[in-house]
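J.: Here the structure of chain X is known, so what remains is to put chain F in place on it, guided by the hints.
Just so you know, the protein sequences line up as chains X and F, in that order.
Heads up, the first sequence is in this note's numbering, so the first residue is 1 and it goes up one at a time.
Heads up, the second sequence is in this note's numbering, so the first residue is 1 and it goes up one at a time.
Simulated from the structure, these hints should not be mistaken for lab results.
It is possible that part of the hints are untrue.
Unchecked claim - Short, incomplete list of chain X residues facing chain F, as computed with Cβ under 8 Å:
#1 163
#2 167
#3 176
#4 225
#5 229
Every residue gets a Cβ at the ideal spot worked out from N, C-alpha and C, and that includes glycine.
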Amino acid sequence: MEIWYRLVELVMPFDWAKADHMYFMKNALLAIILVSFIFGILATMIVNNRLAFFSDALGHGAFTGVVIGGMLGFVRPIWSAIVFSIIFSLGITLVKNKSKISSDTVIGVFSAVAVALGIFISTLGGQSFTKLNIFLVGDILSITPSEIGLLFFVLALVVILWWLLFNKLLVVSVNQSLAASRGIKTFWVEVIFTTTIAVIVTISMSWIGLLVINSLLILPAAAARNITSNVRQYHLVTILISMISGVSGLILSYYIETATGATIVLISSIFFFITFALRGKTS
Amino acid sequence: MIKNKYNMNCEKTCGGLCCTKIENIGVVYGRSTILKDVNIHIHCGELTALIGPNGAGKSTLLKALLGEIKHTGKLEFLDEKGIHTGHPIIGYVPQSLNFDAGSPTSVLDLFMACRSSFPAWLYTPKKVLKDVEESLERVKVAHLIKRRLGALSGGEMQRVLLALALDPVPDLLLLDEPVSGIDQNGMELFYKTVSEIRKAYDLSIILVSHDFDIISKYADRVVLLNGTVLCNGSAEEVYKDKSFLKTFGMRV
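The shape of chain X in the complex, shown without the other chains:
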């Protein structure tokens, strides 16, 4: 972390970047770079595989997981949240694949149940809901160096996963039967991918905020799609937009004193509308 602090002092022309103070801001900066990088990678295929609504529902599942963890008296409800989210995403994927119900209905049902259950448990016995606001709005400034370590670990996992799984995911996104004819186990590819999204959404929820986390997963990729025509450009532009929005959103939110997650989302939405206006100029 020391190296990082020195680097920020050198590069960043802001008050908070000066030596030996405001460590929380420097931590947050590193965290946001990592998170937006991870989100950028995953976003490309979440949008391509039409999983936007699914990842939104995962946020709700993760929230319920936190509440259940709290009820059972876990010190760090994040782990119970991860477990619950994975079960939740597996449930959606299974029901979707084993029935003829359309996927948005399945996701809608699961999502509604999760939110209701979360609120129900958290208000049992007249408890106040406000202590859970942090999960709704998020607080990146509270991140600790050990959590940043966790993010590095997750990033490494995502890159490995992307190395091994991306080609298969791309074929599945184009056509399931085509993927099957290529010997791809489409169901398992889907399970691995959705489980990964579940884990990432869950661990980032308390920093980014449940209400806006999905926009952060969708917007950069949606913006990039407007102006790119192959997979490589798509990744590059998505990750760039994601990281620029992340870093500038964090810094801006510090000066105008707003919630970081929402500020980032607003910036990436500006990217979306700019690229939307530019679209059609590339083939």
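T.: Relative to the frame of chain X, chain F by itself:
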């Protein structure tokens, strides 16, 4: 008796020719039986047309052959020597991709994702690029390599998908109504290419189609399917058969 014995033998060895055997395929979805006891025997180099009314289970059969849905029975491929060589390599041209036309995926990306284990988002090794160009050239669409999938016309898309299905050269090629929604020229061109390729690679082809003229022109054999195989023979034979006339509502 002797004839019977000979036939059995023939069934086992494909008479010394390479062939694909579809044996007792059955598919049950929920409580309804979609397919039952489907047996089709295809020699290499033959184009078998699969016809039947809507809901007859044609696409379901293809999906079962692809292993995409649960089914009973089996699919076997035997080479010239009659040695069991197991599951055939299958090439598949879907009816339509039904994918997101806005997706930033190029023809090259799709090929690379299908045939290479090297991640398509990183970069394209020269050898892969050359191979992809070659397989596109096989159906004369090498100029489309950089094009976005969503920007291809219906005819271009089908040719690209055909090139993809032929890379690697399969034992069995499945074409699921490959020219629905393509103009006359595009259709002729597509079938001409398929014919050439069939001769060049001695491929077994199963074609699902509703176009009886095209079928009588290109198919060696026609299989009428409606839940199970109702009739199996040359186009003329099948078109005259009672089951054919009955299925398609013509008077006997």
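J.: Hints first: check each against the structure and report whether it holds.
T.: Against the structure, the hints:
1. 163: Holds, about 5 Å.
2. 167: With Cβ-Cβ at 4 Å, under 8 Å, it holds.
3. 176: This hint holds: residue 176(X) lies near chain F, its Cβ roughly 7 Å from the closest one there, short of 8 Å.
4. 225: holds, 5 Å
5. 229: Check passed: Cβ of residue 229(X) comes within 4 Å of chain F, closer than 8 Å.
Violated hints for the displayed structure: none, as all numbered hints are satisfied.
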